[in-house]
Each structure stands twice: as C-alpha cells, then as structure tokens.
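For the sequence shown, numbering that gives the first Met the number 0 gives the first residue as 0, with consecutive numbering after it.
If you are wondering where the hints come from, they were derived from the structure by calculation, not from laboratory data.
Just to be clear, a hint being listed does not mean it is correct.
[Claimed, not checked] With a Cα cut of at most 27 Å, we get these calculated DSSO-like pairs of lysine-lysine:
hint, residue 1, residue 2
1, 316, 148
2, 174, 47
3, 133, 148
4, 34, 241
5, 226, 316
6, 133, 50
7, 226, 204
8, 241, 546
9, 174, 130
10, 381, 241
11, 241, 204
12, 183, 204
13, 546, 491
14, 289, 441
15, 174, 131
16, 226, 148
17, 491, 597
18, 47, 183
19, 491, 148
20, 78, 183
21, 148, 50
22, 289, 18
23, 204, 50
24, 289, 420
25, 47, 18
26, 683, 546
27, 148, 18
28, 226, 174
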Amino acid sequence: MAYCGDRPDPSACDDDGQKPDAAFYRMAVAPNDEKPHWGDQLIACEFKVAKSSGAIQDPFEDVPNTVDGVLPSASEHRKKNRGQIITYAELLFAVQQRIAVFTLLVLGRQCRFIRWDRSGLVVTRSFDYYKKWKFFVDVLWRISQSSDKRLGLDPTAHRLFPGDPDYRSMTEAAKSSTSDVDYKERYLRDNEVPQGSFVFAYVRKAFEDSVKDTRWPRYRVEVPDGKQTRSFLIGKPRFCAKGLAGRGTRGYVALECGTGRFVWLKDAWRAHYLLVDREGDILERLNAAKVLRVPTLVCHGDIQDQVTYTPQRWEEKNPNPQSFPADSNPAAPSSSGSQAGPSSSSSQKRKRGANDDGDDVPPPKGLHRPSFRSDCPLRRHKHYRLVVEEVALPLSDFQFGRQLVSIVRDCVVAHYQAYDKLSLLHRDVSGGNVLIYPRISKMQDGRYRIVFTGLLADWEMAKSINVTDPRQPERTGTWQYMSAALLSRNDKQVEVSDELESFFYVMLYHAVRYLRSACAANTIANYLDEFFDQYGWDDGRYVCGNKKLATIMSGCFHVVDTTTLKFDSHMDSVLAVLLSWFKAHHTVWRYEVDLEEKAAQPAHDPSTPRSPVSTAADLVVPISDFDEAGLPPSVEVAHMFTPTKTDGPSEADRNTALFASTHGPMVSVLGAAERRLGWPTDDKVGDRIPATWRPDRRYDQGSTNVSALGTSNKKRRTNPGGSLPLSLALQRPPKTPPPRSPPPAGPSTSFARM
C-alpha cells in the first residue's frame, strides 16, 4: 500500500484531479511520489474518520436484525461520500482494462470491502478490524496472493512497458509521415493524390494523442476473429462513456499488430440477453448486403467468459422469483434484507423501462430459457470488442452548414438501405452515431477530391421490424434525439418516422450549437439545454421535455419568448420544412392514440402500422418533385402550420404527415437543399456554448421539467447541491431511469453480502 493523497495525476490522465488516500500496487510499480498512478493501481483505499462535525461518514447502512442487509444511505453528506468512491471506481475502469474493481473503505475502526462491475456493486457489512483483526489480515493476505485476474484485471489485455517491442512500435507509429494526407474537403493537386495505401493526418494525430501521455497505460488487446484471435495496440481511449454501471463503451484508434494499419476498436460491455444481436453480427449482414455509409467489419467477439457478477449475486440473495405489478418498483427492499436498484447505463442512452416487458422473452424453439430472472433489477452485461476499418470524425467537425446537411443525408440513405434490404431499424440515431468519414473520390472531370461523407455507426441496438417482442428489459435510445412520441409513450414501438425525427434533431442540435445565428451565446446554451437535455416527470414516469414537445406541437422554433431561431441561410427553410412534417405526423399520431384510449381498446398491435405509415409505405418522392425551396409543390406552407381541428387532424395535416413516414421525402429535401446555390462557407463559428455557462438545475420531483444533463465540465462535481460527485448518472441524459420512482439521485447499486 502506498500513500497517494497529496497530488493528483496529470490532467491528461485525470481531468478531475482525484486523490484517493492510498492504494494497493504490485511491488514493482509501487510509487513514492504520493500521486495516485491510476494506471498501476490494484485497489483504491479511502480513509475517513467515523464522524466529521457530528455527521456519520459511512455511505452505506447495515440493516438491523438481518444477517447481511446493507442499504445505501439517504443522507446527503453520506451520499456525497458514496459518490466519491464511485468516481474512483469509474476512473479505474476507464484507465485500465478491467473486469471488476475492488475498493477498501476505512471509517475509523470500521471498514468495508466493495466489488464493482458494470452492473452494480456488492458491499460487505462493516466490521471492526481492531476486534476482527485476524479476519482482516487474512483478507489482506489473500489479496496479496491473488492473480491479476482475481483482482479484476482483464487477462486478454497485456500491459505494455517502455522496454516492450510493441510499446516501441506504438511510439514509432505515432510519428507523423510526409505521406499523410490532409483531410480537409478540397480538390487535390496531382502531387497530392496518394499512390497506394495512405493515412489521413487526423487519424495519425488521434493515435499520437493516445500515446503521448506516458501516465496512461498502453495495452495489447486480443479480439476474437472466428476461431482465431487478432491483436491490437491501444493507448488512451478517444471516447469513454460516462458512468460506472452500463455498457462502459470506450473507443480507441488502434494499431493492428502485423499489418501496422490504424483501425477503430470499440470495447464495451454489451447487454447479455439471449435475443440481442451482437453489433458485429449486424455489421456483417449490412456489409454483405452492400449497405452504403456503414462501418466495415474487421473482427469482433465476446471476450472469454467475462460477464458481470452482480446480477448473479442478487439472484443468489433473492432465491424466490418475484413478479412485480406494472406500477410497482422492483428496486424495493427484498425480504432477505438486500436491496438492488436498476443499473445506470453509460452511453448517454435512456433505456426501456420495466413496464414495457413483464416476463422474460421466451427463447426460440430448442433453446433453454435465459439464466436471468425478469424480476432482477440489474442488467446483465458481457465483455465484447469490435474492430472496424473506418476511423471517423465526430459530426461536430463539419466545416459549414451545407456540409452538415450532406452528411445527415448520407446517413438517412444508409438507414433506408438497412431498412429496405434487411428490415432493420437502427433504434439509436444520435449525434454520437452520425459520423464524418473523408473519402478521396474521382470526379467526372477526372480530378480527385476529398469529400466528407456520412457514416452511420453503432448498430448495436438495431432490431428487425419483424421482431415485435421486447428482447431486453429496458427501452433503448438516446434521450436527446428520441422522437416526441417515443418520449411520451413507453409502450410505443419504434417506427421509421421516429428514426427520421431523430435525424432531424441531430441536424438541429449541431446547427444551433455551431452555426451563426441571431441568438446570443447564453441564449443558445439555454435553448439547447431546454430542448434536448430536460425531461418531464408526469404520473410517476419520465416524459418528453416541454421545449421539445411545444416545438413539435406548434411547428415553430421559439428560442425564448417571441424570439425564433434564424440562421439567415438555407438551413432555415430545411429545418422549417422538416419540422412541419413531424408536427403534422405528431398531430395525427396523438389523435389516433387519444381515440384508442377513449375507446378503451387493447394496446396498439405493433405489426399493424398506423395510418400515416401504412398510407406512405410505398411513397417515394423523386427530387424533381420538390421546388427550389425544398418544399413538395402539392403542400402549402400555410396549411402545414394550421392548428389541429377539434374533430381531428385536418386533411393538410394527414397529407403532410405522410412525408415523415418514409425515407424518400427526407432524402429528396436534403439532397435538393445541398445542391442549392448561395450557401455561405463561413457560417460555422465554433461552439456557441460559452465555457463559463452552467445550467440551472432543480431536481424537484414535483416539477414538470426536471433537468437531466449537466455539461461535460467536471467542475460541476463541486456543485453545492450535495449529490455531486454522486451525480455521475446526471452528467448525461437519464439512461436507465426507474419507471415508477423519483428522478435518480446518482448511480444505482446492488447490495449483498460478499
């Protein structure tokens, strides 16, 4: 054990500057500079006095008169302490290649051991290590004798050190080369056209950034490829999902051993349910069907038998299966004295609630029922890696408004082809999954040009429209970009119109945040927060936020008071047309839902599309059918914004709703808009959200608008509200909110005797 509570690691390794009091290390790498050295830690240790200013410090409570009952404390001070050790575990998962993380928590003469994984945590009852010193020393001795795998390290990830050949290979590969190609969109001169294989400069730079901080560990990781395995070298992740529980997705620019090429490696803990497809299997089908603008699979596979243990432990402590009524809370304390809460997912994604499913999904004929129980509130995860050829750019790297329209159009085409050829819906269209991939294309005049194309990535949530039964116990999707209808009804099936509405929100978000407009910077920041990151709380469940719902219902972009959103470019007409479609579609959908509820009819059969979808199923609108403004000539703009009649949607509403129900019109409008002359090339002005802006947060269950998202700035963890840094789940939109419980106060947990 080494003391490490004085100075944090460099900010490149730990932006928050966290300092656990001490940690266990292997003797060969034990530090003496009093820094945490997150890449080398085996077990983080936190020491606290039993009481501080009269307040109890223990984040947990032992349930009296039970053998092993442990509960999370509801005290704000103790919740803050719990949040502190959660951040330590989260950082170890991010920096190292881990299956599980252990923590020693010492409170005066009491202590607890905690085991964390991507489903939750298991915590011991506190014990007096002075009185039970033999037991305590025995545990410490067992730790010292345990292998790295026993202590939670992944055996398929091999730590690299400066003397290793692979370590040196990574250092050499990070050095820039004169043959690297600048990726900016432009025509290439004859001497710029690459001959043979080449690397875009941004790819090399991204890999260089991943290895330049020597405090961040480097690894050689194994990825299954059929019956064989392939090896890849990785450093610091390019992307790391926030939150402890959930998929814990990390993305790396990786160097393939043997070939020396750069690829994109995705490491995640996928939902481990029988009927949920692996992302690589879906990509393999997409590639075989020659679907354009999707990633190209290299290899993928589950990593050995690495599954989360916490759900299994919960089932062991709750041996009698229980069936919960639809309006009950499965996180309530069980008769055994243990308590479990629904896990918080990491990827910025709000999941399906328990109300949507009921019992386990029946397995296909000839297969046994899954080994998990429907009443278990914890999601089961399995370790998984995926490698694709394309190392893409984030959508925020678009250069001007016309290019943003073009990139989104490419991804709508990819979505259409997947739907048309394989009957697949993506089910997670979001700003993080619409990417930019530069390509060198030969133009009609014989010259070569670098073109920014769209790439629709992250197909792990994709599902065939022919599969109507739920495959996992929670809804999937990214909260900010989900349609107003999906956010309004838990039981609504995902349809093409919902996906197209998500593409619309992706374009709207990036246009508002990065393009020049008449609105002030703080106004823009508040608008984005209200529209995308806030949610409503109604009748015991999460619902669509007021700003998004009001926009869809009114068909107007009211930023604040009477101020409307204006870009003074063709972006205004594109967004107005698309919004009019989704307004009309929502009006028709809401009317039909109301009719169903009034008639007290059974729930809508998802196999029978609603009228706007069924009527428009074969609707294909060629580009020529749209005028110069991108509007279909048969629809008048004035009629699009006509309020809904009391006796039902107007004929104009029903006609306009058809355009939101199939891909053709949206592809046509975006394509026509892209070809229009007069687009400015300097309308991207950088991030409009000021660095000093902070959202106003009020976590009030009785409020109609409860904010879920904080900025990515980690200073919010010092918010005097008390629940930070516990609010890891609140730094992103709510992902797995309990369907019948108050808004979350932090990452949920599972408690049982170790």
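Hint check against the structure, violated hint numbers in rising order: 2, 5, 7, 9, 15, 18, 19, 20, 21, 22, 23, 28
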